[in-house]
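Asker: Sequence:
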Amino acid sequence: MNSMTNRTIPMRRVRPASHAGFLGAFRFTSLMADLIALIIGFTSSATVHFVGDLPISEVIVLAILPIILAIHGRRVIQREFKIIFPLLALWLTGQVMSDIYRHTPTLDWIRGDASIIFFGVDLLGLAVLLQMNDRRKIVFLVGTAVGSIFFTFINPSDSALAQPWKFGYSTGIISLTLLISSYFYARHRYILSSLLILGVAGVNLLENYRSPVGMLLLVVFLIFPIFPEKVGKLTILSTNRRSVRIAVLLVLALGAVWVATRLVDYVTSAGLISEKAKEKNEAEKKGGTLLGGRPEIQISLLAVAESPIIGHGSWSKDPKYVEMLFDLNVEHEVFDSTQLQELSSDLIPTHSHLMGAWVWAGILGAVFWLYLFWLVFKSIVWISMSRPQLAPMYLYLVLGLAWGILFSPFGLNVRMGDAVVIVIAVDLLRSASQGEQAYSFRRTQTRRWNSHSSRARLYFRGGRKSPSSL
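Note that the numbering used here has the sequence shown beginning at 98, numbered continuously upward.
Hints should not be assumed to be uniformly reliable.
[Said to hold, decoys possible] Calculated cross-link-like contacts (lysine-lysine; reagent style DSSO-like; alpha-carbon spacing at most 27 Å):
#1 K417 to K377
#2 K475 to K179
#3 K373 to K263
#4 K263 to K377
#5 K263 to K382
#6 K263 to K375
#7 K417 to K382
No lab work stands behind these hints: they were computed from the structure.
Sequences are here, hints too, so could you generate the full structure?
Answerer: Take a look at the structure:
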């Protein structure tokens, strides 16, 4: 008999056609979602005019929102979003109530409410599209960076024409640099990764764009191994001592801010920046860090004190607050292009997400941004302690949102950017929660095993008469 007749011939496993078709459809759907994310990011810097200016990206998100909600609507019921969206609805309610009470002009009313509604649409769409998908977040951020550079080049705004780096190319170039830095950071090539960040920080320093200098230095100080966590067998920063690690992070953050301040003072005194920038820095230094840099904060606090609950309505105007800002600027000789624009209208000066919402919508607007600031703060701590692969990019983004909540106006150019950072922050906190649950489970299992082991030792040593208690 031929020996081949008794040999078992292995059969090749054939994947069912239906399964292969499902995988193919899944890959196609995923690629289409990536393409949509890229297009939305790219067009976030381009606008169309409808009643007011509207980013093209928001038109796209509004068009696809019903479809993506029908497919993956469950993604927006995560724990943090269950708080964020009701607070957003309360903010809108507060804005409507304020506009009714203040008899806000119809056009201003529409613009004020639309700003909140479109921000909610952006957040809803990106939560479905980007949540728990780092690859797609990268695609979106690349699209945003390239689009920012492209549209600044072909159609610069008046502000970008006056200051091309600060109001034009900086956002895109910083984002691309941080993405490249994150690539090397994930591969533990920390020197090259940090040099890229320090290099772009130096460009911002020489262009006198100071807030990114501080944030970029914070990134370097908080996530790079400046000093070892262990020296031999001695553990300097134990992972179990969370409060100690947070205290160290706070010291490092203060160190980064101090270094950034000293660098700004140095380039100012050494004449490494333009004469106009030098005069601005010297004038703001006379007025103090807060008053000189953001005098609008002091004015908006007075407006809030006058109507802390109901607010002043959408696009609220009152010339007395503008006169107060003018007097402060004259007293401290502080003027720049953005403040001159504020002084040319009767809009109550705010220059802050938080204060803007509080002045316009009252306390309900403030509550929304205060909660988001707390969420962002927790994200900063988690990134600094856990150091994920995209830590340079993610930390800079959440630091930027924290800065914006306190010191930058909320409007057309930041809604989509704020939305993607909120999605990133929620994902990070979800990862932190899952990690804590896994750690808690491991500790529980270890305690149980140690308990069983102790009982077993007692039994075999004669400490117990029966193994029933095991």
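Asker: With reference to the structure, classify each hint as holding or not holding.
Answerer: Hint by hint, here is what the structure shows:
1. K417 to K377: 25 Å, holds
2. K475 to K179: Given pair K475, K179 holds - Cα atoms ~17 Å apart, limit 27 Å.
3. K373 to K263: 15 Å, holds
4. K263 to K377: Since the Cα atoms of K263 and K377 sit roughly 15 Å apart, the hinted pair holds (cutoff 27 Å).
5. K263 to K382: 20 Å, holds
6. K263 to K375: 16 Å, holds
7. K417 to K382: 26 Å, holds
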